[in-house]
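Protein sequences appear in the order of chains D and P. Using my numbering, the first residue of the first sequence is number 1, and each one after it goes up by one. Using my numbering, the first residue of the second sequence is number 1001, and each one after it goes up by one.
Just so you know, nobody snuck in bad clues.
In silico EDC-like cross-links for lysine to aspartate or glutamate, where the CA-CA straight-line distance does not exceed 16 Å: (1) P:K1202 / P:E1227; (2) D:K124 / P:E1171; (3) P:K1202 / P:E1228; (4) D:K218 / D:D145; (5) D:K155 / D:D184; (6) D:K34 / P:D1178; (7) D:K218 / D:D240; (8) P:K1155 / P:D1184; (9) D:K124 / P:E1169; (10) D:K208 / D:D231; (11) P:K1218 / P:D1146; (12) P:K1124 / D:E171.
Stretch-level coverage of chain D by chain P, calculated; a stretch enters the list once three of its residues show a Cβ under 8 Å from a Cβ in chain P: (13) 118-127; (14) 159-166.
Hints in this document: simulated from the structure, not taken from any laboratory. Keep in mind the model is a prediction, meaning the values are calculated, not measured. Cβ coordinates follow ideal geometry from the N, Cα and C atoms, glycine included.
In case you want the letters, here they are:
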Amino acid sequence: MIVAGCDVGSLTTKAVILNNKRILSQAIISSGFKPEESAREVMATALSFAGLSTDDIQYCVGTGYGRERIPFVSTALSEIACHAKGAHWLLPTARTVIDIGGQDCKAMKLDAQGNVVRFFTNDKCAAGTGRFLEVMANILGFDLDELGKVSLQAKDPLSLASTCTAWAQAEVIHHLNAKRTKSDIASAVNQAMAARVAILARSVGIEKDVCMTGGVAKNAGVVSALERLLDVKIRRLRIDPQLVGALGAAVHARQKIGG
Amino acid sequence: MYVAGCDVGSLSAKAVIMKDTDIVASRVIYARPEPEESAREVMDAALAQAGITMREIESCVGTGYGRNSIPFAVAVESEIACHGKGARWLIPEVRMVIDIGGQDAKAIRLDEQGNVARYAYNDKCASGTGRFLEIMAGALGVRIEDMGELSFQAKNPVTISNQCVVFAETEIISLINDGRDLSDIMYGLHRAMAHRVASLAKGIELEREITMTGGVAKNIGMFRALEEALGVNLRQMETDPQIIGALGAAVMARELAAGSS
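Next up, chain D with everything else stripped away, as it sits in the complex (with noise of 0.2 Å):
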């Protein structure tokens, strides 16, 4: 029984080929202007590294912000929804999730069989999205990959007083005017992305296991800062921590075909 989940995200398009519990491939690539369009792209990427047509996929499930917009999916499910599922998937004792994505986080809980019970979203805010990383990153002029590994070569921390990203961004500037090193500000930042997303996830309420999805995740530098503030351990994910949510997908997909 094959099945896929897509998700179409604001920033990245991600998809996942599942063969009953096996994960047959996977594609991540930039979404583009048109969510139709990166949708087809994907998954025709992650059709051609596991050797299959279209006409293979028994049932697809969309998600993400563009899911309404993906013309050949069966269904389109929320991102909630879609991360929760992939996350009990990989990590059945999770009970807390949090996702950070391009423009928004979020943090869910869930109970022993994966239903989630309660989340919160932030979307309206920059602070505490992946966009505030993006931002800072530009005017480091790392990459967001680097952003996190650098954070951890710090020697002189340094904090953020400002939550704002527009305020944080000309905090930024000012220490590199002031000449300090970029591993202490990323450090900064990092720190003050993980202070925002910690209060949304506390807001919840932290039962262990936590583990992150989302691209963010990838980011080490966060979730150090994040395990610190929430004290918590956070459980790393057996796959890429961006591919959850299409992962989610892929497993409602299964389900609605009785697997």
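Following the hints, complete the assembly by docking chain P onto the known chain D.
Structure of chain P alone, referenced to chain D:
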């Protein structure tokens, strides 16, 4: 009797010199990296305009973000108190002052005597402050001083759905890419910003007459948008709204000098 008020803000510094009840000099400069430097420079400019020296100033009150670094101020007062005082000096019926600065916004309610009864403040989020318009002007390649006029030419105004400066910036870029008219976008931006400031003001209950102070009040598009968002006519200052904080400080300096003599 000469008195002065000096308002050192985050983006600009202002000084007002009064002779008895007349404003004889007022100056606005861009802020320097050091508040002390800003204070000296703007005060020197105002003194030159008045044709007097510092020795002739009997009393000077400092206000604004950098108020504790003004070497020649004999006392400091909060921006809230000074904006209330300055607005009231110019328009005695004023009961509410909405001050939008470069990096903050304040709503101040005054009692019948002109004392501050209640206030609300936003300096945590750039949305609803001068910075919002500055960022949007930059993204659209428009001069800040042209934004207001441009917004009046709107024929089919857009609605900006994002409140966050960062998200709104992306939104207007995609509106431009969709071929929307610049003036229609400009109108939408003013409306969005006015909405944000209006909720700050409504949070402390509106009380007429209402006036607007701070640099953003010079933007006529913003002035009108705020009137629309509040559903009331605002009283317009005949003086540069950016100097009201410094004026209020000067009025306080006058009271101090009168009290001590």
